[in-house]
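Protein chains: 6
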Amino acid sequence: MTDKHPPSYAHTDEDMVKMEVNLDDTPGEWLGYVMELLFASGANDVFYAPIYMKKNRPGIMLQLLCSQEKLSEMKKILLEETTTLGIRYYPLTVYRAERDFIKVGTKWGEITVKRGFYEGKAVQQAPEYEECRQIAETYHVPLKQVYEEVWKALD
Amino acid sequence: MTDKHPPSYAHTDEDMVKMEVNLDDTPGEWLGYVMELLFASGANDVFYAPIYMKKNRPGIMLQLLCSQEKLSEMKKILLEETTTLGIRYYPLTVYRAERDFIKVGTKWGEITVKRGFYEGKAVQQAPEYEECRQIAETYHVPLKQVYEEVWKALD
Amino acid sequence: MTDKHPPSYAHTDEDMVKMEVNLDDTPGEWLGYVMELLFASGANDVFYAPIYMKKNRPGIMLQLLCSQEKLSEMKKILLEETTTLGIRYYPLTVYRAERDFIKVGTKWGEITVKRGFYEGKAVQQAPEYEECRQIAETYHVPLKQVYEEVWKALD
Amino acid sequence: MTDKHPPSYAHTDEDMVKMEVNLDDTPGEWLGYVMELLFASGANDVFYAPIYMKKNRPGIMLQLLCSQEKLSEMKKILLEETTTLGIRYYPLTVYRAERDFIKVGTKWGEITVKRGFYEGKAVQQAPEYEECRQIAETYHVPLKQVYEEVWKALD
Amino acid sequence: MTDKHPPSYAHTDEDMVKMEVNLDDTPGEWLGYVMELLFASGANDVFYAPIYMKKNRPGIMLQLLCSQEKLSEMKKILLEETTTLGIRYYPLTVYRAERDFIKVGTKWGEITVKRGFYEGKAVQQAPEYEECRQIAETYHVPLKQVYEEVWKALD
Amino acid sequence: MTDKHPPSYAHTDEDMVKMEVNLDDTPGEWLGYVMELLFASGANDVFYAPIYMKKNRPGIMLQLLCSQEKLSEMKKILLEETTTLGIRYYPLTVYRAERDFIKVGTKWGEITVKRGFYEGKAVQQAPEYEECRQIAETYHVPLKQVYEEVWKALD
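Residue numbers (our numbering), protein chains in the order written: chain A, 1 to 155; chain B, 1 to 155; chain C, 1 to 155; chain D, 1 to 155; chain E, 1 to 155; chain F, 1 to 155.
This is chain A alone, in the form it adopts within the complex:
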């Protein structure tokens, strides 16, 4: 377990908001950039959904999750980087499961696995994507194979 992977206990966060913006005139080309910028500025999650808007326009609904205190920073980015003039939001509750991180040995070295717990029982075990990816690239093996090796090594 490394410093960048601290464990955390199950908790319910009452301080979160979901923001939504409908976009029918922002080129898709900008939206990959906007997503990265929102993450880099502290959004907890950012994602897009395809929607059907008026006048036969294919559009995108940008959705993001952030804490209340990030609201105005997110608003600034959305207004400056997309074409929207209206932003809607509402509070929601987020339950986050207890999690920790373990190391699993493979023939290419150790790989971090994130575990999630529910009522003290491990219900989820997921190899860290970026580490698996790096191994796949370094050793020229399929990413799928790296995941399979980790799954086999888990008890």
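Read the hints as simulated data drawn from the structure, not as lab findings.
Treat the hints with caution; some may be incorrect.
If several chains are the same, the list does not tell them apart, and a pair holds so long as it fits within one copy or across any two.
[What the hints assert, rightly or not] The calculated lysine-lysine pairs, modelled on BS3-like cross-linking and capped at a C-alpha distance of 30 angstroms, are:
id, residue 1, residue 2
1, K114, K18
2, K55, K107
3, K107, K18
Starting from the structure of chain A, add chains B, C, D, E and F where the hints point.
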């Protein structure tokens, strides 16, 4: 009208929650099963929407509606059966129209029709899918034709 | 049956092409207009599908069907009105069912119904949308109710 | 700046609701009409998202934004024009940026541009679609070219 | 390996067609049924994609793969069970990887695993969904856990 | 104009294939990686579309364009990195418009603009995304503003 089809009056339900989970590493193969399980455990509705997640990942947003009292049961299933470690939810109001059920005669026998009312007027009439389907299979007729027969028989 | 609704016999058209264009930097606002323009210029069908493109970009795949002889006219519109520099296409076969048009009487007047035939049997009956819509607007009744009246009047 | 384009100051609207309806048996053909009707009756926004519903059904989630006082009018339309018997909704906050409208000269005449402001700075400038479209149709030029002319004329 | 799981060698099938139908007035409710019917009648694959059609209509593109000899049977079902009057299709080539089936022991009994090969090397190993599902239901364990047990048992 | 931006003349490429794979058990997490790998290995385009597959499974249709000679290399990656055992493909024609690259001066330095031509007339002018992005990051300005500066500088 049968026992499994009780009528109900228009009402506004203030006791509902919507739960949402973003999934970028749950295989689609599991999600058909998860949907059935959530319905069988008392969810009022469950549905999926395609979303665009970080790192160019096609993902799925699972959404479900349930009563407040079902919240922890739903949470347990989501944590055990999907790969998520975070679940968000917020309360919402549900208006449910008055409804009753009538029987309509067709050449293949009676078929139940669900009717919906708004301010005392029938605004919606829908043949029960499972009954129509059974007739289509038993009599080797197109499902579309079964619906058409019912529509014609309604006044 | 009116002149603008000529019947036609079942046939297989070997002269059609499907054209496809991926768009990641055309604003959705333009695409409603482009669709109308393509239809007005002789496309048999035009439709959009949401796609996930490189660099985390939500994009749109424009698809259109037209006869071989319309190919260069469609190409011109696509290049002038969208942002694409590449257009792909391939031939396909289109089967078109035999169809005719009948009039059905309702309390608001006659409505045209398009019928489709397969091996001499009517397999499809659809009220004409624009006529139903006009009645819904003129008589201030739900569009759904107009369709229901037509369905009941069909034998 | 015309009367139909009044400027408005940045404000946060706490009086809005989002309504949602899942549709698995409303033909798509009706939904274009329903969208127009909801806009004409005072909805602030209406849009559709593709969803995966139970029993392998492709469905549509209709979403609309309106003020609290429009709630029952919207409910009436949804019940009369779609096939739903259940409507859910929840309050949300809408931030609307300060906006004004300016005229920009082009070789085809003046075109209105909507500007959006954030903290006193113009962050968004968008030619009015309907005016651009009318010019494109009148002068037989690509819509894209009309937008480009406006962009060049802006400082 | 059982009789219902015969192995097969890699081959390229030149005898396949893809059929496509755009649907804007078939209720979603019918489409789950239609998919099953097409599979039961010999389609190799059937799937739906959300599309944006004219007049602001959310639609569905039904796509199916079948052998040339199944073409007219599929056409019949599409015309009788959906609302389409036009069906398009084109030939395509299908490469199918070599595959076999092995049994893997778990604490709940043996589970079949489908393996896929590329140039003699196993590149894919997938537990059979229906068997895993049956175990999950019988033993009241998460489906995810059944898959994980199989993955661990594979070498 | 730089060496990495060679101009090219309009041409019709008859040597292309489209490959398609339906995925219902590949985690979305892998698919961002697979897309990059396919591009790096010579695919001309790669994109994903959300589809509805059997047994209520949300799936992804991977589509890629490549030249005939790349077919077996792409096949290898698809089999090794995704979970598919079947790959379909068909030839198509690609029209590529004439294009060149010019430099446009802005206050942050020169930016490359890709121009597309149709019958000798420039129909498309697009700032290069990666250059705009780098300026946005270096000078801490909105990406949108960089594009706007380029549009204004174009004649």
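So, going through the hints one by one against the coordinates:
1. K114 x K18: both (25 angstroms within a copy, 27 angstroms between copies)
2. K55 x K107: This pair counts as between: shortest inter-copy Cα distance 27 angstroms, intra-copy 56 angstroms.
3. K107 x K18: neither (42 angstroms within a copy, 37 angstroms between copies)
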